[in-house]
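Modelling step: build the complete structure from the supplied sequences, incorporating the hints.
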Amino acid sequence: MSFKIKILGVALAALMLNSGCAEKAEVEQKNIAQCAIFKTFASATFEVEGDMAEIIEKTAKKALTKSCFKKSESSNANLRIKINSKKILQTESGFIQDKHDNSFDVTIHAIMLIPTEQGGLTTLTSTQHAKLNLKSSQIADLGSKSDITEKDINDLVEDNVLITLNNLFKDMP
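Count the sequence shown with mature numbering (1 follows the signal peptide of the UniProt record, and there is no 0) and you get residues -24 to -1, 1 to 149, in order.
In case anyone wonders, no lab produced these hints; they're calculated from the structure.
Check each hint, because a few of them may be wrong.
Label pairs and their in silico Cβ distance ranges [to be verified]:
no. : residue 1 : residue 2 : range
1   : 125       : 149       : 37 to 43 angstroms
2   : 65        : 139       : 23 to 29 angstroms
3   : 105       : 12        : 24 to 30 angstroms
4   : 105       : 16        : 26 to 32 angstroms
5   : 127       : 54        : 29 to 35 angstroms
6   : 18        : 143       : 18 to 24 angstroms
7   : 25        : 95        : 29 to 35 angstroms
8   : 110       : 149       : 37 to 43 angstroms
9   : 13        : 37        : 28 to 34 angstroms
10  : 54        : 139       : 39 to 45 angstroms
We treat Cβ as the ideally placed atom computed from N, Cα and C, and that holds for glycine.
Written out as structure tokens, the structure reads:
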């Protein structure tokens, strides 16, 4: 009897271990775009200017890995992603309330340069502009709830880089 219980325990532990791995694989699969086909590129360069440039560049590179573009040694296409960002902080003080209007603008340009067989160059472009607005008014002593967080910016940048790349993907031959 105890031998059967030990075997049952080992089987149950193996089942739990496998289901945990399956959940992790499912989450990873959801993070990658569902693509019937992938377009390839030889190199990708990022040019980021403006506020929070380091965070934005890291997020844009992460978004590229989730798109339908894959790096390939056999490709001759070059991808350039230019991002301009600007964080705007405005505060108005009053006797009863403080008002905070914070916004974050991001403009994303994706450029694909593809050499042709005739020695020319095909240039495809896609542009996306997004703005995150956070506004709040509250009694002065309670503190501000309108701070733009790194997570807010990461989500904004990742979503809009993916939109830009998907638009570029549709135009590629």
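Legend entry - Hints not upheld, ascending by number: 9 and 10
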